[in-house]
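Chemist: The chain contents come next:
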Amino acid sequence: MHSSRLCAASGALALVGLLLAGDARAQANGEHYSLRGFGGWALGRTDNNNMFGYVASGDTEYNNYDFALNLAAQPADKLSVRAQAFWGEDLRGRRIDLDYVFAEWAQSPKLKLRVGKVLSPFGLYTEIYDVGTLRPFYLLPQFYSGTTGLLPKAYLGAGLTGVMSLGDEWELSYDAVGGEVRFQEIPAVVVVGRDPATGLPLTENQELQLIGRDMFGGRIELGSPTHGLRLGFSALHARVEQSVNGGPREPYPAADQATLANAFLQYERGPFTLRSEYFHAFADTVDLTSGYAEASYKLGRHWQVAGVYDRGRLSPEAGTFYASLPDQLKRHESFGLALNFWATPDVVFKVNGYSVHGNQSARSANPGVDAALGRLDDSTLVLVLGAQFSF
Amino acid sequence: MPILRKTLLLLVAVASTTLAAGVQPAYRIVVNPANPAAGLPRAEVARMFLKKVVAWPDGLPVTVIDLERSSAVRQAFSRDVHQRDAEAIAAHWQTAVFSGRDVPPPIARTDAEVLAFVRANPGALGYVSATAELAGVKALTLR
Numbered sequence: 001m002h003s004s005r006l007c008a009a010s011g012a013l014a015l016v017g018l019l020l021a022g023d024a025r026a027q028a029n030g031e032h033y034s035l036r037g038f039g040g041w042a043l044g045r046t047d048n049n050n051m052f053g054y055v056a057s058g059d060t061e062y063n064n065y066d067f068a069l070n071l072a073a074q075p076a077d078k079l080s081v082r083a084q085a086f087w088g089e090d091l092r093g094r095r096i097d098l099d100y101v102f103a104e105w106a107q108s109p110k111l112k113l114r115v116g117k118v119l120s121p122f123g124l125y126t127e128i129y130d131v132g133t134l135r136p137f138y139l140l141p142q143f144y145s146g147t148t149g150l151l152p153k154a155y156l157g158a159g160l161t162g163v164m165s166l167g168d169e170w171e172l173s174y175d176a177v178g179g180e181v182r183f184q185e186i187p188a189v190v191v192v193g194r195d196p197a198t199g200l201p202l203t204e205n206q207e208l209q210l211i212g213r214d215m216f217g218g219r220i221e222l223g224s225p226t227h228g229l230r231l232g233f234s235a236l237h238a239r240v241e242q243s244v245n246g247g248p249r250e251p252y253p254a255a256d257q258a259t260l261a262n263a264f265l266q267y268e269r270g271p272f273t274l275r276s277e278y279f280h281a282f283a284d285t286v287d288l289t290s291g292y293a294e295a296s297y298k299l300g301r302h303w304q305v306a307g308v309y310d311r312g313r314l315s316p317e318a319g320t321f322y323a324s325l326p327d328q329l330k331r332h333e334s335f336g337l338a339l340n341f342w343a344t345p346d347v348v349f350k351v352n353g354y355s356v357h358g359n360q361s362a363r364s365a366n367p368g369v370d371a372a373l374g375r376l377d378d379s380t381l382v383l384v385l386g387a388q389f390s391f
Numbered sequence: 392m393p394i395l396r397k398t399l400l401l402l403v404a405v406a407s408t409t410l411a412a413g414v415q416p417a418y419r420i421v422v423n424p425a426n427p428a429a430g431l432p433r434a435e436v437a438r439m440f441l442k443k444v445v446a447w448p449d450g451l452p453v454t455v456i457d458l459e460r461s462s463a464v465r466q467a468f469s470r471d472v473h474q475r476d477a478e479a480i481a482a483h484w485q486t487a488v489f490s491g492r493d494v495p496p497p498i499a500r501t502d503a504e505v506l507a508f509v510r511a512n513p514g515a516l517g518y519v520s521a522t523a524e525l526a527g528v529k530a531l532t533l534r
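These protein sequence lines map, in sequence, to chains B and E. Mapping to my numbering: the first sequence position 203 is 203, numbers consecutive. Just add 391 to wherever you are in the second sequence, counting from 1, and you've got my numbering.
Be aware that one or more of the hints could be misleading.
Said to hold, decoys possible - DSSO-like cross-link-like pairs, simulated, lysine-lysine; straight-line CA separation at most 30 Å:
| # | chain 1 | residue 1 | chain 2 | residue 2 |
| --- | --- | --- | --- | --- |
| 1 | E | Lys443 | E | Lys529 |
| 2 | E | Lys443 | B | Lys298 |
| 3 | E | Lys443 | B | Lys330 |
| 4 | B | Lys110 | E | Lys442 |
| 5 | B | Lys330 | B | Lys298 |
| 6 | E | Lys443 | B | Lys78 |
| 7 | B | Lys330 | E | Lys529 |
| 8 | B | Lys112 | E | Lys442 |
| 9 | E | Lys442 | B | Lys330 |
| 10 | E | Lys442 | B | Lys298 |
| 11 | E | Lys442 | E | Lys529 |
| 12 | B | Lys112 | B | Lys78 |
| 13 | E | Lys529 | B | Lys298 |
Keep in mind that the hints were calculated from the coordinates and are not lab data. Keep in mind the model is a prediction, meaning the values are calculated, not measured.
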């Protein structure tokens, strides 16, 4: 699996190299392709043994970086091809992947058909997951990037998308998609038995890949570019399977079917931006709710201050595995503050701090055991210093 | 008294001239002379520059060209036509690019590059500074 990803990324690189050998400014010269990219690096540290956001732990973590190259080509009037290759490393390990590669047939702005691996049209951030110059915090809210890993970046399949004008100031955009989704890989700690001497649970670290088969869903959004307002809803429904440590697909014990629903609001006016989202994941034996509000203000051309409040809750059905987890592993609440310096509109240096309560997202390497022994810190302070850029 | 009246009249005249100069747009919207359009609503021009309207009424594809983000003319155009600052529009295009939804219009560095592009493309739509010489293109009225 890793080698196939490597091949895919290498293929994209070769394609990009060929284009670079031509003229990266070709789009400006009236031709039909463009080459863009983004990246970042961060230092992360927590004040205890907990990890947070896969970039911070009790040891100062320097090994957080990512870079992506984005290619758009238009071989014919109504046909375009888009691809984005991603390289990155954090506490989950090294990741090399194609974020997306798809072909789009644009009948008109009201109706476009996309086929391939396409970014999921879900909420505000899924389509710009790693682009740090489009948000005030280095990390995304925990529902996107936390240990629950519940938002799939992309789907494999086909989708219809479009935008329709509603008078001078307003427009309606919409997406309908179908196919299969791969959720973020989750490093899961699984209880494999009990120590006969102490009676304590024995655990094993596993890489859990959740897969949503026969997925269908969409997003509908009312927006006013003039007023800087976006509000809407998105939802996905799928049959859930799992693959443990890259092994074969098998039923996921916690859920046969799952539905993700989301409502979002964004308001941008001058130096002020407000974003807020609410998520609800419905599965057979467990529900998860989460929401955040994020506000930022730019002071002149360079400085920006921001704050975020983020909250989540896991609600399992009685008698299930998740119900047996200690309460502190089922909740998350955090306050974050940011002070950013925008050297240019495309390069930003970020100082982000969080105060986290609960261990749904901030957790040790063996949270189940640590919680059972009463040594899992419920409160975690996090510092993230980073730089992000795009071009 | 007559001196006071003349002074007041002079002051009013100077103020009126200054105000009139203040509302003069810093840019002019230009199209190819073959384009039959004489004027367009502001919102329609904004949608064309955001690639949400992609054809003229006669079916000819709209091909827009922008100025660089740092250009004072682009700032003025963006505030008037998009009613957002140029940074907000740049963020819109960043979102469109990285989500794989669209790419921004080509960027010209100078008025001369915009004018050359508009002269060469029948469906072209651009804007230049108010002082640019409009040889071989047609100015479009914003309604």
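Chemist: For each hint, tell me whether it holds in the structure or not.
Modeler: To see whether the hints hold, each was checked on the structure:
{"no.": "1", "hint": "E:Lys443 <-> E:Lys529", "verdict": "holds (23 Å)"}
{"no.": "2", "hint": "E:Lys443 <-> B:Lys298", "verdict": "holds (29 Å)"}
{"no.": "3", "hint": "E:Lys443 <-> B:Lys330", "verdict": "violated (44 Å)"}
{"no.": "4", "hint": "B:Lys110 <-> E:Lys442", "verdict": "holds (11 Å)"}
{"no.": "5", "hint": "B:Lys330 <-> B:Lys298", "verdict": "violated (35 Å)"}
{"no.": "6", "hint": "E:Lys443 <-> B:Lys78", "verdict": "holds (14 Å)"}
{"no.": "7", "hint": "B:Lys330 <-> E:Lys529", "verdict": "violated (65 Å)"}
{"no.": "8", "hint": "B:Lys112 <-> E:Lys442", "verdict": "holds (13 Å)"}
{"no.": "9", "hint": "E:Lys442 <-> B:Lys330", "verdict": "violated (45 Å)"}
{"no.": "10", "hint": "E:Lys442 <-> B:Lys298", "verdict": "holds (28 Å)"}
{"no.": "11", "hint": "E:Lys442 <-> E:Lys529", "verdict": "holds (21 Å)"}
{"no.": "12", "hint": "B:Lys112 <-> B:Lys78", "verdict": "holds (9 Å)"}
{"no.": "13", "hint": "E:Lys529 <-> B:Lys298", "verdict": "violated (39 Å)"}
Hints 3, 5, 7, 9, 13 from the earlier list are contradicted by this structure; the remaining hints agree with it.
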